[in-house]
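All chains, please: the whole structure from these sequences, using the hints.
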Amino acid sequence: DGGITQSPKYLFRKEGQNVTLSCEQNLNHDAMYWYRQDPGQGLRLIYYSQIVNDFQKGDIAEGYSVSREKKESFPLTVTSAQKNPTAFYLCASVDGGVSSYNEQFFGPGTRLTVL
Amino acid sequence: QKEVEQDPGPLSVPEGAIVSLNCTYSNSAFQYFMWYRQYSRKGPELLMYTYSSGNKEDGRFTAQVDKSSKYISLFIRDSQPSDSATYLCAHTQGGSEKLVFGKGMKLTVNP
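Chains as they are written, first to last, in my numbering: chain E, 1 to 115; chain C, 1 to 111.
Note that these hints are calculated values from the structure, not bench results. All of these numbers come straight from a predicted model, not from anything done at the bench. Just so it is clear, CB atoms sit at the ideal spot from N, CA and C, and this is done for glycine as well. It is possible that some hints are incorrect.
To be verified - Going by beta-carbon spacing under 8 angstroms, a handful of chain E positions derived as facing chain C:
(1) Gly40
(2) Gln41
(3) Leu43
(4) Glu103
(5) Phe106
(6) Gly107
(7) Pro108
As structure tokens, this is what we get:
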């Protein structure tokens, strides 16, 4: 089945540690996104990538880093510089396209908790 | 002014009620308007989308866009306990895939 997988489902981090969240898609989508969701805050865009080896900062990129070495993979690293990383992280992908709407498909999410 | 405003609720209704969820937006360049449904501890899934102004119906769900007042609505008829979820509105200009989300409204339908 085609879809987006995120791992792990739950992640615990000690203060000062870097952690990497995995996002893989087999939909052959060009663009991939990382969002952070906090209670009552909706989804906020962290980083996005429209093609391999290229990515752009979203609205809240500070303290995060990404890479896009393969079309199907878009890992997110939460660094120790992110002061309040406890949140629900969602990865999404979209087929691309120039002028028409394309649905964003979301993964199941990773819940990160700082101990 | 935030690009998208959505009352986060929560909203609790009895089974069978008609539910109205609303968002307002400020960017007149938005062309595509979406409603995503998110069950607890899951990723959002697209429920409906509309292009420009007008209504779109899908079963018990109706999405309505009024571009003149920058107002979008989602109506749920004959609400069911399985409709209990968080509903997020989202908008995009289209040429760019970047979506702008509302905060999400948590809906509970009580049996």
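Cross-check of the supplied hints:
{"no.": "1", "hint": "Gly40", "verdict": "5 angstroms, holds"}
{"no.": "2", "hint": "Gln41", "verdict": "6 angstroms, holds"}
{"no.": "3", "hint": "Leu43", "verdict": "4 angstroms, holds"}
{"no.": "4", "hint": "Glu103", "verdict": "5 angstroms, holds"}
{"no.": "5", "hint": "Phe106", "verdict": "3 angstroms, holds"}
{"no.": "6", "hint": "Gly107", "verdict": "5 angstroms, holds"}
{"no.": "7", "hint": "Pro108", "verdict": "5 angstroms, holds"}
Checked against the numbered hints listed earlier, the structure breaks none of them; every hint is satisfied.
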